[in-house]
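There are 2 protein chains.
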Amino acid sequence: MIKYQSSNINSLSQLTLDRGLHYGDGLFETIAIHSGIAQLLNEHITRLSESCLRLKIEGVDFLKIQKEIEQQAKITDEGVLKLIVTRGSGGRGYSTPDIVNASYMILQYPLPNYNRKFWNKGVAIKKCELVLANQPLLAGMKHLNRLENVMAKMEIENSEYQEGILCDSTQNIIEATSSNVFIVLNNNVFTPKLDKCGVSGVMRDEVIKKLHENRINIEVLNIPFEDILNADEIFLTNSVIGIWPVAKFNERMYSNFPIARMLMTSLKINYDV
Amino acid sequence: MIKYQSSNINSLSQLTLDRGLHYGDGLFETIAIHSGIAQLLNEHITRLSESCLRLKIEGVDFLKIQKEIEQQAKITDEGVLKLIVTRGSGGRGYSTPDIVNASYMILQYPLPNYNRKFWNKGVAIKKCELVLANQPLLAGMKHLNRLENVMAKMEIENSEYQEGILCDSTQNIIEATSSNVFIVLNNNVFTPKLDKCGVSGVMRDEVIKKLHENRINIEVLNIPFEDILNADEIFLTNSVIGIWPVAKFNERMYSNFPIARMLMTSLKINYDV
Chain A
1 MIKYQSSNIN SLSQLTLDRG LHYGDGLFET IAIHSGIAQL LNEHITRLSE
51 SCLRLKIEGV DFLKIQKEIE QQAKITDEGV LKLIVTRGSG GRGYSTPDIV
101 NASYMILQYP LPNYNRKFWN KGVAIKKCEL VLANQPLLAG MKHLNRLENV
151 MAKMEIENSE YQEGILCDST QNIIEATSSN VFIVLNNNVF TPKLDKCGVS
201 GVMRDEVIKK LHENRINIEV LNIPFEDILN ADEIFLTNSV IGIWPVAKFN
251 ERMYSNFPIA RMLMTSLKIN YDV
Chain B
1 MIKYQSSNIN SLSQLTLDRG LHYGDGLFET IAIHSGIAQL LNEHITRLSE
51 SCLRLKIEGV DFLKIQKEIE QQAKITDEGV LKLIVTRGSG GRGYSTPDIV
101 NASYMILQYP LPNYNRKFWN KGVAIKKCEL VLANQPLLAG MKHLNRLENV
151 MAKMEIENSE YQEGILCDST QNIIEATSSN VFIVLNNNVF TPKLDKCGVS
201 GVMRDEVIKK LHENRINIEV LNIPFEDILN ADEIFLTNSV IGIWPVAKFN
251 ERMYSNFPIA RMLMTSLKIN YDV
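Chains as they are written, first to last, in our numbering: chain A, 1 to 273; chain B, 1 to 273.
These are calculated hints, taken from the structure and not from any lab test. This one's a predicted model, so the numbers in the text were calculated from it and none came from an experiment. Don't take each hint at face value.
Calculated pairs, EDC-like style, for lysine to aspartate or glutamate (alpha carbon to alpha carbon, straight line, at most 16 Å) [claimed, not checked]:
(1) A:193 <-> A:205
(2) A:82 <-> A:68
(3) A:67 <-> A:43
(4) B:127 <-> B:168
(5) A:3 <-> A:61
(6) A:56 <-> B:155
(7) A:142 <-> A:68
(8) B:56 <-> A:70
(9) A:56 <-> B:157
(10) A:82 <-> A:70
(11) B:127 <-> B:155
(12) B:56 <-> A:78
Generate the whole structure from the sequences, applying the supplied hints.
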């Protein structure tokens, strides 16, 4: 399934000691490759470097990594490159003083084999029971501490649902199991603030930018769960899927997604069957 | 530094795909080895198996792992064995459906070279600024999502402090950066409930048991931070250190630790210089 792996880790023994494995002490990026181009690569690398600053992960050669991804994208043509960066090996317990070299891994996966109708007709979603914990210190980052997402995804595995909506303890919507959420109410678009929990997706930023360019009102704010029940339109975004309109949430069905359609056209996301 | 590694992972390529690395989707145990005996091994394996049930991690051969640790303990004589168990390799994204074989790794470290006075005279601690997030679904487990501990430990690195006190968002005490906390007030002992966050240490359970055996009143409850300021005695526990009395917290100094001393004697923890 994996066609390519590249890393500055040279041995099984070294990776066994890596802090990514021991503590989830690192970050990742999932980059779509289309026609040999790594999509939104600058944005991915920018998010990664900002998160490294926040986690105080040092010694990452971003330029080298970016060049390697660009080269590998050409060979990949169509697929996904996953980049993992960790603080590296070493340190006694949680302490980090003697670590100077971050680790990185680049893995090539095929594009996921999703049903084309998820883009064309929309997906079915439900609310997950799992409540996301508030941790402002880690909020927004695509870090390697992802047990909440793993547990939330279990709630929809082997079900009719493709994604699950996740709320925080104040019952504000935050995100979906592996995507960001946008809702449309009276031609205004809203997406949750991610300053207490959730992952701030690269595609989320891109969609916000496109909405601004198209002079559609977009607001980033706290969204109570009730608001999604009244939405005229709901759509999900991430780097690999681009945009999925929502066809079914709870008992409500949607068959028109004008804002999602406009964005998919604008972002050149092919949604024809 | 590492003298021994054992695992059911056979290649760098396999470990690169492990969910322990990608999502922190696993657990660990840190087991002290003294005189060739793995201390509290049954308790460690019990906690691990209970946590595997909670995380729905399947296919762990606990009996085989326990036997291997017992054998390696004999050769180690004095040291630490760290056991990591993960959900294994595979699954698309966060999903877990096709995974049947958990991964495990056993790593041997020397005993940490702590100053003997930490046991004899006590340690200095301070309150960390980091606030632990409430996630009841993961609370109590020694899982691999440990970024909070890494970030908290940074607050005391290169300082006079050996450990930091961590509170939750309601300003209840939860634990220390890599240990559990006990406080003594009027000959009653209190330790925080860990049903919303924190790690429920094997040594914490052992200390609670010893207090019961010695007919000292011990209560597990929510402890507001203010209570630690008035404590007659504070001590920290984990599997490797056993018990550290606290000599200094904020501006308060402690030189007598009668309960900690009694427990150290009872648990055969050598605190003589």
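Comparing the hints with the structure gives:
1. A distance of roughly 12 Å separates the Cα atoms of residue 193 of chain A and residue 205 of chain A; the hinted pair therefore holds under the 16 Å criterion.
2. The hinted pair formed by residue 82 of chain A and residue 68 of chain A meets the criterion: a straight-line CA distance of about 12 Å does not exceed 16 Å.
3. Distance check on the hinted pair: residue 67 of chain A and residue 43 of chain A sit about 14 Å apart at the alpha-carbon level, within 16 Å; holds.
4. Taking the CA atoms of residue 127 of chain B and residue 168 of chain B, the gap is about 12 Å. The hint holds against a cut of 16 Å.
5. For the proposed pair residue 3 of chain A and residue 61 of chain A, the alpha carbon gap of about 23 Å is over 16 Å, so the pair is violated.
6. The straight-line distance between the Cα atoms of residue 56 of chain A and residue 155 of chain B is roughly 12 Å, inside the 16 Å bound, and the hint therefore holds.
7. With a C-alpha separation of about 21 Å, the suggested pairing of residue 142 of chain A with residue 68 of chain A is violated against the 16 Å cut-off.
8. Distance restraint check for residue 56 of chain B and residue 70 of chain A: the Cα-Cα separation of roughly 38 Å exceeds the 16 Å cut-off, and the hinted pair is therefore not satisfied.
9. Annotation: proposed proximity of residue 56 of chain A to residue 157 of chain B holds, straight-line Cα distance about 13 Å (limit 16 Å).
10. Of the supplied pair hints, the one linking residue 82 of chain A and residue 70 of chain A holds, its CA atoms being roughly 13 Å apart against a limit of 16 Å.
11. Distance check on the hinted pair: residue 127 of chain B and residue 155 of chain B sit about 9 Å apart at the alpha-carbon level, within 16 Å; holds.
12. This hinted pair does not check out: residue 56 of chain B and residue 78 of chain A have alpha carbons roughly 34 Å apart, beyond 16 Å.
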